[in-house]
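Sequences and hints are given; from them, build the entire structure.
Protein chains: 2
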Amino acid sequence: MHNLVDFPARIFYIESSSLQAARVRLTQGEVRKDMSAGKREKILKAAISVFASRGFYNAKMEDIAREAGVAVGTTYLYFENKDDLMISIFEEEMEPLINRMRENMATKTTATEKIATFIHSHLTFVERNPDMAHLLEVEMRFCSQFILGYHGGRFKEYLDLISAALVEGQISGEFKTAIHPSIFKQILFGAVDQIATNYTVSKPKRTLLSSFADEITSVILHGIAK
Amino acid sequence: MHNLVDFPARIFYIESSSLQAARVRLTQGEVRKDMSAGKREKILKAAISVFASRGFYNAKMEDIAREAGVAVGTTYLYFENKDDLMISIFEEEMEPLINRMRENMATKTTATEKIATFIHSHLTFVERNPDMAHLLEVEMRFCSQFILGYHGGRFKEYLDLISAALVEGQISGEFKTAIHPSIFKQILFGAVDQIATNYTVSKPKRTLLSSFADEITSVILHGIAK
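If you're matching them up, the sequences are chains V and C in order. Here the numbering used here runs 6 ahead of the position in the first sequence, where the first position is 1. Here the numbering used here runs 6 ahead of the position in the second sequence, where the first position is 1.
Derived from the structure by calculation, the hints contain no laboratory data. Keep in mind that a hint or two might mislead.
Remember, identical chains collapse to one label, so a pair may be satisfied in a single copy or spanning two.
[Claimed, not checked] Below, a list of computed lysine-lysine pairs in the DSBU-like style, where the Cα atoms sit at most 35 Å apart:
#: 1; residue 1: Lys182; residue 2: Lys162
#: 2; residue 1: Lys45; residue 2: Lys88
#: 3; residue 1: Lys209; residue 2: Lys232
#: 4; residue 1: Lys45; residue 2: Lys162
#: 5; residue 1: Lys182; residue 2: Lys209
#: 6; residue 1: Lys88; residue 2: Lys211
#: 7; residue 1: Lys209; residue 2: Lys88
#: 8; residue 1: Lys232; residue 2: Lys114
#: 9; residue 1: Lys209; residue 2: Lys66
#: 10; residue 1: Lys114; residue 2: Lys162
#: 11; residue 1: Lys162; residue 2: Lys51
Structure representation (structure tokens):
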């Protein structure tokens, strides 16, 4: 049974069964844990580089193995296939991002400032990390042939930063209570992600992306203010 | 030179050169024009059905030809490849949608009502046409290996309905003048599309999608109201 709580940015979904299979495979593997961590890291790094340079669609597991300096068979000890690799990249790259975002938001006193911080930090990350943004926003989409299975652990965590700030502001009296947190996080993320992805694929870049942050912030904050 | 004015919903982009090549091919074709229209239609219809049942990624030109009852070679007289077919489906399906949306919005007097109508009509279409929504929102994304080329004729037209309504409301004094129409159309479309796509891929469907329309409308309209 697939029950998609947070559909992830129209991007990253995978058959959860294959993800689970890959995990089982890892724990059952006979490689020693320390070696395993090292090789897994190497393969992940190589995959980032290969997906970025060749595109997810064209990349082959052989290319990734060559880049990582391991045998092709070895990559399959750690990852089921390209989709599993891409999802793993996403999950790992999101972790520090989520932590930093959480810290940035925690320095703010009001929920209003927290929402503004989310918007600004997301757009600033995209602007400063064009290669990773391309990977997460564009290449990630090609994973989706295995639709409807990715339960979106990290993605859900990321969106929940938005709904938590909304609820905080509803309790403090900053925001209207009529809007539902699970709808609001989709509205805000959808708006910010559309602007960010548009920017990522546009050439030439005429404006600084972070300069759009104020306009989004203004619309959204006026939209929910009490 | 690729200059992407409106990035299309993180979805539908194609190398414009291959689209152009396909068009040149058509006009140079030796098939009679009336026959051409009939066969082209048949192939497009078959492609909709095959993409919907098998998924864009797995579909083959052979499957589409068989479904259309034509030789595989014939499909290449009209369409360069699967991507070209998918983009053509998008462009053709969007035309009546745009016209209906334009008519719906035209029946409203205020810009405020026009924006509300856009949101409500978009979500109602997605809710009532789940197969086409799946095709346009999910399968369409697999076209994107040919990134950065689709100039988004119909998609741009669709988004411009939003910016036109914003400008109308700015002139009438309903909306703040600070927000830029080209940013606003991305914010609104991003929010609505995120909610719609989330709904399309979610199972089970717990709520009517159109019931979310009021929440989005409320946030957005309060966000831009003077």
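Against the structure, the hints come out as follows:
1. Lys182 x Lys162: both (23 Å within a copy, 33 Å between copies)
2. Lys45 x Lys88: within (16 Å within a copy, 38 Å between copies)
3. Lys209 x Lys232: So Lys209 and Lys232 pass the 35 Å test across copies only (34 Å; inside, 39 Å).
4. Lys45 x Lys162: within (28 Å within a copy, 46 Å between copies)
5. Lys182 x Lys209: Classified as between; 29 Å across copies, 39 Å inside a copy.
6. Lys88 x Lys211: both (30 Å within a copy, 30 Å between copies)
7. Lys209 x Lys88: Both: 28 Å inside a copy, 25 Å across copies.
8. Lys232 x Lys114: both (19 Å within a copy, 28 Å between copies)
9. Lys209 x Lys66: Result: close both inside a copy and across copies, 27 Å intra and 32 Å inter.
10. Lys114 x Lys162: within (22 Å within a copy, 38 Å between copies)
11. Lys162 x Lys51: within (24 Å within a copy, 37 Å between copies)
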